[in-house]
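Chemist: Input sequences plus hints: build the corresponding full structure.
Protein chains: 2
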Amino acid sequence: MTVALLSIGTELLQGEIANSNAQWLGEQLTSIGLHVVRIESVGDDRAVLAATLRRLLAENHFVIATGGLGPTTDDLTAEVAAEVLGTQLALDDDALATMRRKLEKAGRIVRAGHVKQAHLPIGAEILPNSVGSAPGFVLAQEERLAFFMPGVPTEMRAMFEQHVVPRMMPSAKNDSFRIVLHTYGAGESIVAESLDGLEAAHPGVLLGFRITGPEVDVKVMGRASNQADARRLVEAAADDARSRLGSLVYGEGADSLPLVVARALRSRGWSLSVAESCTGGLIAREFTRTPASDYFVGATVTYTNAAKSKLLGVSEDTLRGHGSVSAEVAAEMAEGARRTFGSDVALAVTGIAGPTGATPDKPVGLVHWAVAHPGGTVVNMRVFPGNRIQVQQAASHAVLDELRRVCAAVRVSRPSNRGLGPNG
Amino acid sequence: MTVALLSIGTELLQGEIANSNAQWLGEQLTSIGLHVVRIESVGDDRAVLAATLRRLLAENHFVIATGGLGPTTDDLTAEVAAEVLGTQLALDDDALATMRRKLEKAGRIVRAGHVKQAHLPIGAEILPNSVGSAPGFVLAQEERLAFFMPGVPTEMRAMFEQHVVPRMMPSAKNDSFRIVLHTYGAGESIVAESLDGLEAAHPGVLLGFRITGPEVDVKVMGRASNQADARRLVEAAADDARSRLGSLVYGEGADSLPLVVARALRSRGWSLSVAESCTGGLIAREFTRTPASDYFVGATVTYTNAAKSKLLGVSEDTLRGHGSVSAEVAAEMAEGARRTFGSDVALAVTGIAGPTGATPDKPVGLVHWAVAHPGGTVVNMRVFPGNRIQVQQAASHAVLDELRRVCAAVRVSRPSNRGLGPNG
Chain U
115 MTVALLSIGT ELLQGEIANS NAQWLGEQLT SIGLHVVRIE SVGDDRAVLA ATLRRLLAEN
175 HFVIATGGLG PTTDDLTAEV AAEVLGTQLA LDDDALATMR RKLEKAGRIV RAGHVKQAHL
235 PIGAEILPNS VGSAPGFVLA QEERLAFFMP GVPTEMRAMF EQHVVPRMMP SAKNDSFRIV
295 LHTYGAGESI VAESLDGLEA AHPGVLLGFR ITGPEVDVKV MGRASNQADA RRLVEAAADD
355 ARSRLGSLVY GEGADSLPLV VARALRSRGW SLSVAESCTG GLIAREFTRT PASDYFVGAT
415 VTYTNAAKSK LLGVSEDTLR GHGSVSAEVA AEMAEGARRT FGSDVALAVT GIAGPTGATP
475 DKPVGLVHWA VAHPGGTVVN MRVFPGNRIQ VQQAASHAVL DELRRVCAAV RVSRPSNRGL
535 GPNG
Chain W
115 MTVALLSIGT ELLQGEIANS NAQWLGEQLT SIGLHVVRIE SVGDDRAVLA ATLRRLLAEN
175 HFVIATGGLG PTTDDLTAEV AAEVLGTQLA LDDDALATMR RKLEKAGRIV RAGHVKQAHL
235 PIGAEILPNS VGSAPGFVLA QEERLAFFMP GVPTEMRAMF EQHVVPRMMP SAKNDSFRIV
295 LHTYGAGESI VAESLDGLEA AHPGVLLGFR ITGPEVDVKV MGRASNQADA RRLVEAAADD
355 ARSRLGSLVY GEGADSLPLV VARALRSRGW SLSVAESCTG GLIAREFTRT PASDYFVGAT
415 VTYTNAAKSK LLGVSEDTLR GHGSVSAEVA AEMAEGARRT FGSDVALAVT GIAGPTGATP
475 DKPVGLVHWA VAHPGGTVVN MRVFPGNRIQ VQQAASHAVL DELRRVCAAV RVSRPSNRGL
535 GPNG
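If you read the sequences in order, they're chains U and W. Under the working numbering, the first residue of the first sequence carries the number 115, and numbering increases by one thereafter. Under the working numbering, the first residue of the second sequence carries the number 115, and numbering increases by one thereafter.
Please note: incorrect hints may appear among the correct ones.
Since the list can't tell identical chains apart, any single copy or any two copies may satisfy a pair.
To be verified - Below, simulated SDA-like cross-link-like pairs (lysine to any residue); rule was C-alpha separation at most 20 Å, straight line:
1. LYS333 with GLY367
2. LYS424 with GLU449
3. LYS333 with LEU309
4. LYS333 with ALA132
5. LYS424 with HIS436
6. LYS333 with ARG292
7. LYS230 with VAL252
8. LYS333 with GLU130
9. LYS219 with VAL229
10. LYS216 with GLY500
Honestly, the hints are just simulated from the structure, not real lab data.
Modeler: Printed below as a string of structure tokens:
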């Protein structure tokens with residue numbers, strides 16, 4: 115059962131927006147065991163769209179189209195879909211009534227564009243839109259189904275989950291399973307070597323590797339006669355992989371390093387503060403993307419020596435003697451943040467993100483970091499390759515992983531219950 | 115002259131990575147006047163790849179393929195390209211020698227995978243890789259050209275600019291021009307209404323609108339008998355648009371709000387500090403993505419009342435009387451940051467990013483912000499819709515725009531030349 119994705123809109127061809135819909139759909143469909151064989155993007159061009167839709171329907175069991183259902187005249191999808199599938203557009207009274215209800219609830223009125231959006235191919239089944247106003251629809255051609263959804267990601271995603279997946283599930287071959295392990299701290303070749311022979315030890319399991327920034331993901335994939343068997347197979351192989359990779363594995367699936375660290379802090383009842391320099395706020399930002407006020411107290415970004423001394427109490431002697439990019443300053447920044455914010459742990463980073471700022475003995479990419487915790491202060495350093503953004507991200511990863519290891523090394527005490535502020 | 119883009123790799127179909135190559139190529143090709151009519155992604159599947167390549171070459175003047183040139187056996191592009199274009203693979207001695215030189219320079223040796231990458235279709239012209247080791251190549255079929263490049267974005271981009279563009283330029287129809295104006299502060303409908311009649315006043319000019327987060331971009335596009343004429347047409351229309359939109363326009367082209375604000379600060383010789391709460395480091399991060407140590411002194415993220423008082427000197431009376439999310443606290447945070455960091459200007463944000471933290475009189479999305487400058491302190495507020503990330507981004511935009519307006523309202527004095535620290 116093959117699936118083709120069709121993304122409609124000239125803005126995709128001209129690179130104005132990323133085709134995030136196709137990426138998301140590809141991920142979703144793969145995860146339920148369906149086989150996406152091609153993704154195509156075409157513009158708002160009647161002839162090209164019609165020919166493409168015709169070919170995709172001839173070659174695939176499912177076609178999932180997004181975009182071109184809007185209110186303006188360059189939105190051609192419904193018209194072309196009707197033409198290709200041998201039917202015609204007609205006003206769908208139910209669809210219009212539903213749109214009217216939604217618009218009126220939002221204090222808006224039905225305009226000509228909305229009426230256009232309620233013109234749907236005769237014989238199509240409506241796919242309700244739980245987020246926006248315009249419906250999607252599905253048309254059948256013999257055994258094949260063509261789904262048409264709006265291009266607005268939030269509307270498309272809800273419609274896909276609520277109305278497309280149930281119609282495709284009978285065809286999904288749930289005979290596979292996958293676990294993705296996230297690792298940090300070693301390159302792809304070392305990770306791959308550690309897993310040498312794992313596929314042979316677990317017949318039916320395939321490994322895949324993906325490099326995402328400073329991380330290496332290990333995909334453990336398996337296929338069997340049914341999903342329960344595939345799952346058992348993959349879980350055994352993933353256990354094997356975990357024990358071979360040890361502490362390189364920081365999490366799996368939807369985990370990210372900040373989420374894993376936040377979980378470790380919460381389970382210990384530890385509050386955190388952050389003292390940044392070359393990362394410029396990136397680390398604080400990573401923690402505060404999701405609610406954090408139950409463990410995150412605050413952060414400083416100190417670009418000048420004066421600010422490092424004033425806010426964090428870094429001694430002027432240390433700054434003079436070792437320079438602001440040094441292990442000594444990183445340690446004093448972390449200890450100072452712990453004091454200033456009154457947090458249980460604090461992390462600090464100081465480095466040269468580049469492109470300028472290097473000195474004869476301190477190259478671009480040099481980063482010192484520290485973690486101050488109830489039992490002491492850990493310092494570490496590295497020279498990271500890459501451009502400014504890459505050095506900043508690598509530094510952020512390095513200090514987060516250091517904190518993860520500090521948490522793992524310290525026995526969990528009973529969580530304290532500190533009252534922290536709002537702004538979470 | 116039509117162009118088709120072909121992205122090769124199963125990871126694209128399964129949604130593991132975004133197709134950033136196609137987006138980037140679409141943007142580049144459009145900007146030089148070439149017409150991208152379709153973008154297709156296929157997996158590492160010999161039959162599908164061959165059929166797709168054959169069809170795209172039959173229908174288009176140019177095909178630009180990326181990916182599948184790697185060292186492993188699932189990288190099939192060169193082999194399939196040779197087959198479709200009626201030739202065969204052979205070891206290219208020059209290509210291998212070039213690869214050997216590069217690898218040895220990096221302290222690496224030539225392995226079997228590299229030898230595979232030096233097997234190129236007989237008759238192909240090599241496209242040198244100035245970033246990585248594996249070359250690309252181009253094959254001709256009558257008047258048509260098929261380009262094959264690596265999928266690694268940095269390698270592909272350099273190869274495209276250095277070797278593909280020069281070969282396509284004779285076909286690029288440079289009869290169009292576009293200016294993109296960036297606006298902030300009004301919705302799409304207000305921006306569009308302000309420009310009513312502009313197309314009629316400038317025949318040959320087309321307007322387009324794009325919403326990117328809290329911003330509305332206005333694309334002013336024109337076509338004429340040659341590019342110089344198109345440019346004149348578009349520049350006149352853009353001037354008209356700028357005068358209608360007034361201070362809603364903050365920049366154009368590659369400008370972003372942080373870059374525009376940084377430019378305004380530099381031209382005034384003003385240093386900046388940032389006091390964040392609900393934005394959690396996002397604003398500092400925006401400024402420090404690019405080198406900033408010539409104007410950026412530092413930032414604080416203060417989640418607790420205690421930290422607001424200790425680091426920024428916000429008075430406990432104000433916190434008690436007005437709550438931490440209030441105009442009074444925002445003003446004291448900005449003034450405190452200006453004092454603490456000794457900067458010329460400071461901005462501050464305090465709000466409720468959600469999803470929790472709302473009170474009966476303070477909803478999720480409520481944000482107060484302030485800009486403290488040599489002439490006083492400006493405060494402002496709004497309730498932003500959306501989820502946590504959207505509220506944080508909207509708040510960041512709002513305060514950056516406030517600072518932009520403060521800069522514009524203050525006469526430029528002679529730039530001071532303060533010595534700021536490293537870490538830039």
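Chemist: Hints first: check each against the structure and report whether it holds.
Modeler: Evaluated hints:
{"no.": "1", "hint": "LYS333 with GLY367", "in the structure": "within (10 Å within a copy, 40 Å between copies)"}
{"no.": "2", "hint": "LYS424 with GLU449", "in the structure": "both (14 Å within a copy, 16 Å between copies)"}
{"no.": "3", "hint": "LYS333 with LEU309", "in the structure": "within (12 Å within a copy, 52 Å between copies)"}
{"no.": "4", "hint": "LYS333 with ALA132", "in the structure": "between (25 Å within a copy, 18 Å between copies)"}
{"no.": "5", "hint": "LYS424 with HIS436", "in the structure": "within (18 Å within a copy, 28 Å between copies)"}
{"no.": "6", "hint": "LYS333 with ARG292", "in the structure": "within (7 Å within a copy, 44 Å between copies)"}
{"no.": "7", "hint": "LYS230 with VAL252", "in the structure": "within (17 Å within a copy, 46 Å between copies)"}
{"no.": "8", "hint": "LYS333 with GLU130", "in the structure": "between (32 Å within a copy, 11 Å between copies)"}
{"no.": "9", "hint": "LYS219 with VAL229", "in the structure": "within (17 Å within a copy, 66 Å between copies)"}
{"no.": "10", "hint": "LYS216 with GLY500", "in the structure": "between (50 Å within a copy, 18 Å between copies)"}
Taken one by one, the earlier hints all hold for this structure without exception.
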